[in-house]
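Protein chains in written order, with the numbering used here: chain Y, 1336 to 1659; chain C, 148 to 580.
Careful, some of the hints might be misleading.
Claimed, not checked - Here are some chain Y residues pointing at chain C (derived, C-beta under 8 Å):
no.: 1; residue: V1431
no.: 2; residue: L1432
no.: 3; residue: S1452
no.: 4; residue: P1531
no.: 5; residue: G1532
no.: 6; residue: T1533
No lab work stands behind these hints, which were simulated from the structure alone. Note that the Cβ used here is the ideal one computed from N, Cα and C, for glycine as well.
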Amino acid sequence: MSAAAAPLPRRKDLLDIESLAPEEVVQLLDTARPFKELFTRSVKKVPALRGKSVLMLFYEPSTRTKTSFEIAAKRLSADVTNFAVSTSSVVKGESVLDTVETLQAMKVDYIVVRHSSPGVPNLIARHTRASVVNAGDGHHAHPTQALLDAYTLREVLPDLAGRRVLIVGDILHSRVARSTSRCMHKLGMEIGYFGPGTLVPDTRPDFARGFTSFADALAWKPDVVYLLRLQLERMHASFIPSLREYHTVFGVTPARFRQIRDAGIWVMHPGPVNRGVELVDEVMTYERSLINQQVENGIATRMSVLYSLQPVTEARADDEGAGP
Amino acid sequence: MTAPLLFKGGRIAAEDRPDLIEADVLVENGRIAAVAPGLPAPAGAEVRDVGGKILVPAMFDVHVHLREPGREDKETIESGSKAALNGGVTGILAMPNTEPPIDSGGMVRFVRNLARDRAVVPVWTSGCITKGRKGESLAEIADMREQGAVMFTDDGSPVSNPQVLRRALEYARTFGAILASHCETMELSGDGAMNEGRMSYRLGVPGVPACSEEICIDRDLALARVARGRIHIQHVSSARGMEIIRRYKEDGVQVTCEVSPHHLLFCDEDIADFDTHYKMNPPLRTREDNARLLEGLKEGLFDVIATDHAPHTRFEKDRDFREAPFGITGLETALISLYDRFIRADAFGWDLLVRRYSAEPRRLLGFDPVPIAEGGAAEFLVFDPEAVTRVDETFMRSLSINTPFLNRELRGSVEQVVRDGQVVLDRPAGVVP
């Protein structure tokens, strides 16, 4: 594959969507396209990152995102190492920075990090020359999810400007809601939030409008309904009274599904789905459900991200010194 | 006997006078012998030219964490007292949330003895309200008082059970003792690590709503009214919380309160890149709170300025935002940062600073203030308004460096500190204990 787009100008890390200019978002999405075409070929690999090492630093269990990043890195011919965090020294009271110092000594080029605390990728990025990709930090950000969501939508709606996305569910605890809304907003979409008052905070960004019922929200005529995963433990902290009530009021019930289908609204979900909570089974086989495309596109967009970032390697530092 | 000291050519700050007045100051036998322009030097006197400098009554800080016993790696009574002196503070009140906590007469005596042997400025201590700071049963307040404790507080946590606090207020009233309240409703604070608001939402950091503090202030003051006790509200961070205190003050409840420099200077937006040097409890609120607290300070609603000096190791503060402990140091930067940001910018004058950070803190604990006046105790600073202090590791005497001012420069410098008639800190001469 030839380079379809020039790499981003000197961006070392991808920590959040907020710090990306809209053009950078578009460039990352455009760069993903040729990578996705690659998947239809018998040889799905390119040599772009041959000789580079990618370290997967997952402090939080994750199967889907981690696998997606691993496949992305391997298709770029990078060497992938898993740093088994749960069994390592973290349990012995070693700080994240101690770990990073160790990793620094291993001279990795990219660190893909997931952590339950917000800001850990920022902390690591400040202390390492490697490129850091945030694969989800607490409730803060999940930029590659946002990019794959935008990529998926662009496949079905070529011009996103002016399109409307309704995000439904636990906005408060969702890094996906934060990153995906920002990303879609940067691409010119209108954003609406609907969910229980306990989970849709007033402190959300101004660009996101709120609704008081699913009917009102659908009357706004969204092009996309994006359902967030409900963490089932929310029930125990008085955020919602019961899953039954959540589904009845905030879920895609058979009746709401018919409305959604009749209006031709696209449906998205970051997975994994709680069937019967966020949505009923029929939605999974709905022809305008994008849930499986989201997974597939995750690999292409993550390839684009890894390909576009520039670690501050020793050689690169020298290059900079020689510049004007 | 030490030689008399004559400070020539300086300008003098006082709590009751917005302008600085030019006068020489003669110190003899530990007291201020004369304050007047053009004083002649007595025989054998050491003359110090302080032209262009400001003479300021020394500061007193009623909210300091010294970490001894228990966490001597963060701070000791000795290092904390040196930090105080370095910042122009010649008296400090230690909080009792050490490990173990200072909750008995024996512990108070232990701390007072250590202070007497090792501290470079007088160190007073507070005692706990409840045994083990657990909020369950009253600590021996009378015995601790007997041993020298001058305030009672479970600082770091509220006394969550209102019945316990009511009893404590009533019991302490017997002796005229002051209770101090760290106001927080724990169920509302939860695992919050910063102010709840747009910024916490944006960063995905669990928030502490301002009402966590406000509800507790209201509750504690309602209890103080019923108990007819004396209560001091610590580190007010919310403007609404301040307004609640105003109401109770107007109602005649015996309440005093403090504001910390960081709640005047910084807000939650400063946390932008998850900088743990902006993580403290109560958290930094909004820019609007900064402005309204400053107004409250100027109106005289806040009785004292106090730092809540809270040393933590670099290792702990280098952890991620949620894991890192609450608190920043303050003793070494309070005076210069308030000068740099407010006095220099004409937001308020030296009189306010002297009143709120030197005179009133002493009065709060029943001590005499130290104005620079004939016959008074010689306890003042020579402050250079033009010099620049670089807040780096060589400057700091605290064992911890967790301050947002780390490696930054502030205008103003505490050049000399006089106590008991002697120059105990002389920066130009390299004498900085």
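Numbers of unmet hints, in rising order:
Hint check: 4, 5 and 6 fail, others pass.
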